[in-house]
Amino acid sequence: MQLRNKKLDMDTFLSERTEVMTSWPTGKDVDFEEGVLYQLSLPESKRFSSALAAADREGRTLRQPRAGVALVDEHIKLLQFLEDTCDLLPSTIDAYTRLNHYEKAAEGIARSTAAGTSLLNGFPAVNHGLNECRRVVESLTKPVQVRHGTPDARLLAEITLAAGFTAYEGGGISYNIPYAKKVPLDRSLRHWQYCDRLVGLYEERGVRINREPFGPLSGTLVPPFVSHCVALIEGLLALEQGCKCITLGYGQAGNLVQDIAAIRSLRELAHEYFQAAGYTDYQLSTVFHQWMGGFPENEAMAFSVICSGAAAAALAGATKVIVKTPHEASGVPTKEANKQGLEATTQMLNMVREQIFPMSPTLDQEIELIKREVRSVLAKVFELGEGDLAQGTVRAVAAGVLDVPFAPASCNAGKLLPVRDNVGAVRIFEPGRVPLPDDVLTFHRDRVSERARAEKREASSQMVVDDIYAISKSRLIGRPR
Amino acid sequence: MQLRNKKLDMDTFLSERTEVMTSWPTGKDVDFEEGVLYQLSLPESKRFSSALAAADREGRTLRQPRAGVALVDEHIKLLQFLEDTCDLLPSTIDAYTRLNHYEKAAEGIARSTAAGTSLLNGFPAVNHGLNECRRVVESLTKPVQVRHGTPDARLLAEITLAAGFTAYEGGGISYNIPYAKKVPLDRSLRHWQYCDRLVGLYEERGVRINREPFGPLSGTLVPPFVSHCVALIEGLLALEQGCKCITLGYGQAGNLVQDIAAIRSLRELAHEYFQAAGYTDYQLSTVFHQWMGGFPENEAMAFSVICSGAAAAALAGATKVIVKTPHEASGVPTKEANKQGLEATTQMLNMVREQIFPMSPTLDQEIELIKREVRSVLAKVFELGEGDLAQGTVRAVAAGVLDVPFAPASCNAGKLLPVRDNVGAVRIFEPGRVPLPDDVLTFHRDRVSERARAEKREASSQMVVDDIYAISKSRLIGRPR
Amino acid sequence: MSETNVILGVIGSDCHAVGNKIIDTVLTGEGFRVTNLGVMVSQDEFIDAAIEVGAGAILVSSIYGHGEIDCAGFRGRCIERGLEDIVLYVGGNLVIGKRDFSEVETLFKDMGYDRVFPPTVDIKSVAQSLRQDIAARQ
Amino acid sequence: MSETNVILGVIGSDCHAVGNKIIDTVLTGEGFRVTNLGVMVSQDEFIDAAIEVGAGAILVSSIYGHGEIDCAGFRGRCIERGLEDIVLYVGGNLVIGKRDFSEVETLFKDMGYDRVFPPTVDIKSVAQSLRQDIAARQ
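Residue numbers (UniProt numbering), protein chains in the order written: chain A, 1 to 481; chain B, 1 to 481; chain C, 1 to 138; chain D, 1 to 138.
Just so you know, these hints were derived from the structure itself, not from any lab.
No residue lacks a Cβ here, since even glycine has one placed at the ideal position from N, Cα and C.
There's no promise every hint is true.
[What the hints assert, rightly or not] Quick list of the computed label-pair ranges, beta carbon to beta carbon:
hint, chain 1, residue 1, chain 2, residue 2, range
1, A, Arg481, B, Gly206, 33 to 39 Å
2, B, Glu204, C, Ile79, 56 to 62 Å
3, A, Glu455, B, Lys415, 50 to 56 Å
4, B, Lys77, A, Arg433, 58 to 64 Å
5, A, Ala54, B, Lys415, 26 to 32 Å
6, A, Arg481, D, Val53, 33 to 39 Å
7, B, Glu204, A, Val440, 58 to 64 Å
8, B, Ala53, A, Glu455, 20 to 26 Å
9, D, Ser125, B, Pro43, 30 to 36 Å
10, D, Gly73, A, Val440, 33 to 39 Å
Next up, chain A with everything else stripped away, as it sits in the complex (with noise of 0.2 Å):
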């Protein structure tokens, strides 16, 4: 069947439904009718689209921390020891798990029990199973979102959400072109709709599910519009199957009025794409991720790096923010690193939630850069699709007009290059075959320029590569030194 941006069908679901649920044993544990009146018994201080709806309301910035470990009572411990400290609780899904090699993680589980630390990074969630999932919920006051990673999630989406997880994150582009090597993007679209579908059908039984493309993308460099682009793509096949709760997402990026800009921009454009398509009666709001690039290894530089990002959230309004820790050049945090970064970002956001970022041209300018780059990819997105958004998206990757930089995907064409300009906002160095309008890529062109003279040096490929380790040694742009 070729892939259309159209709701599938009940038998179509169904019939594929059967061969996921036994494509590992804990999928026979799963009964939709029972996870919906399990979902159902939830009180609401554990719905996630509930708190993100008083969020947005009080204009308040949630706390999301990552956390995940192999086994189960560890991973509850974990999640308790973090509960008080923040406002949403996740679920970081183990990388076995999320490339499907379920076998894998039953490794990486019984040697984790050997050694008693986890060796995996993450929770491997359907190992485990519905009840022990079900454990970790009742374990814990706050709403749970399942984070990961994985092109092809539907397992795990059945497994959790029959098991009361209030959230699940990722998409068909964001969770194949940053996350995997080889699978093909109809393939993962494909089965993100059916993670969606199966969103939508709790939604029809009353459950809200929330979702959220995953916004970061590489974490690298990446310009507002090309995550931008992703998520109101990903927000839109969403709503096709029926979700109802959408979180659209973005990964700092360094300068302030740009991240700012990109926050507000997501929401307008989002709400201005979401109605175009027809969709009415839908629940948005936005995350907003600390830096996603390298850290330093220093602690205390690594606070000031957790902080920028927690002031930027902050400021643009976001409706929750992802967390970094201390320990983040070093992996996997342990959990008083991970409450800590927590605390300073309670700390910040407690010192910057009233304060108001004025409105200034600079910033409308940076808004209205951002809204004209989206319009110009997604108008190309649309015709290349001949009015389907899945096919053209397809085809947009393919052809390179939608090109994540710095992704694993065999897929991505890898030709738009970023690079920072003189104030650290992050600019298009090699546009690739991204379609931009002549003026937009001037003014690229004439910021990256505005840098290379101030630096003496021409803009290059160094230029990009000492962009992507600036922070990590205490720079936001690479100068030369």
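Got chain A sorted already, so can you dock chains B, C and D onto it with the hints?
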């Protein structure tokens, strides 16, 4: 002799000097001419004024910690430990020396030697004397400033300047009203004329010593115009005695727009007043103090407060920033904590320094507000002094025209009560007898009322108390819970 | 001697005025008659005031880290001057550097202070202890 | 066998692509002929490529913390498949959590890796070691 803002004549200075130099035995080692030669022998890398000039030229914000311990070798080790992570060094003087209690300082030195750890909260430079102070300067590669809080700092100045310190903090108002209880203001102003004249004499011999009035005053919700008035007066008094290199200071209030407006207005007002008074040959710079009020005990949260100050300093374009530590809530920090404060600050400065906080009507309005407040108060000061600034200052403080909130000095009226508005800017709740234009008072009243409405309570002294403790309790604004 | 008369002040050469004003406000609100000597108060000034008003307690603050020096010998001086039973409290950042509070508490209790408080203590809870301790000494 | 042929890749289920691209660029710039297998490379894929191009070294990256699992047994597998003398490097965030690097180094050296690098290593210095180690094995 009546206090006048007039350069001290040499006879007066020299007869007073004899008395100063015999007030404690270490005074006898100082020879001004030899001190000049010693200062002239220092490399430019140790000259404070040169570092400030370079930073201002390059648009950088320099980092300076606070640090001082009882014993010389330990003090040297402490500063050497910090030296790599900062641009400018301090020697923070202990509280006994600040009150000329040299006997008590001697006891503190003895007890510290016995205890093997510093029992003093700073470096007792007078007791250690000229040669030991020179050993400090000679053990370091960067410029060193004397930072203290001394109403009568004449002997301290004689010893430390002859010893090669190249910057001297303080002033007759800013080192009296927040630091003393019963020292008459005319006396401290007169003693600081001596210090300024001494700096002027060095200047006349080709030795530039930086002079920095202490900006934050009581460090507790001080409205920008209050500290600006004091800074401008002390700047003018110093210029009259022949000082040429002036750094005016301001302590972070916590609202980003207000903090940026404060530093920008301070610089502009300084040029306005200095030039109106006929001074043209001076070097002006600014210093931004990270939050001087109560800190959270939690160190991760303390890092956030530090980072917010570092970001504001860089965005405001201050020439230097005085850095706090994650141990702030517990008093004097370990050297490791001190360095961590500098590291966090370094990272934030490096991530923010190239960014430009956009000009906007909101920022313009805040700058203009501060300027009008300062002009209104200073006009009254000049009027009260019948043209003499020193006399005007004494009378203005007595009359409550100059009024520092929460200061211990009995000469201070303490009638002005500040409070935060609904976006966290420090406004006036109770103006006392400070002469401000009616529309400015209305503006403050309206802003405070807006907050009171939002909190559904009357503005009151309880609201002020809530604000004083808010940041230590992880809030900018002391809202009811 | 009234059980609600207390003496308040910041000892030694310490000029931290803000907390002192707040403690005064809270204790007054809790019904104590507070004689607030403000900042930079010597041991003898505390004792003079306590004798003058017949205070049941002296509350010593020290924020700047010189507590170890400034507070030493205060209990002995109180006894010398006839205040055998007076309740002695001390609180603030009492020592130089970040040290374990239990260690600091022991240090100052050994000096003869009845209770020792960190700077973060809730003043209302101090008021409660104070009422009990003064009553117990009557 | 050319002494400058090296195999580069990110092992296991790890999709971190950025560092891999940079290492490729730097080593190529330093004169190595780099066969870059990119991310998500299995032990056998590394070995297949090393045999195919006659590589002097295999450079294994692991960023996501599963290094302890993914990298185990690699030296044995190399020997089984006839690559007795190949230089084996490993680097990245090799274990879960912040652990002392010397401990991690010992762990991976015991697994048979010739050198172990933290994520912050300067790639040019790696290139220098690599040249020496390959030469020594000839």
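Status of each hint after checking the structure:
no.	hint	verdict
1	A/Arg481 with B/Gly206: 33 to 39 Å	34 Å, holds
2	B/Glu204 with C/Ile79: 56 to 62 Å	58 Å, holds
3	A/Glu455 with B/Lys415: 50 to 56 Å	54 Å, holds
4	B/Lys77 with A/Arg433: 58 to 64 Å	60 Å, holds
5	A/Ala54 with B/Lys415: 26 to 32 Å	42 Å, violated
6	A/Arg481 with D/Val53: 33 to 39 Å	36 Å, holds
7	B/Glu204 with A/Val440: 58 to 64 Å	59 Å, holds
8	B/Ala53 with A/Glu455: 20 to 26 Å	23 Å, holds
9	D/Ser125 with B/Pro43: 30 to 36 Å	34 Å, holds
10	D/Gly73 with A/Val440: 33 to 39 Å	52 Å, violated
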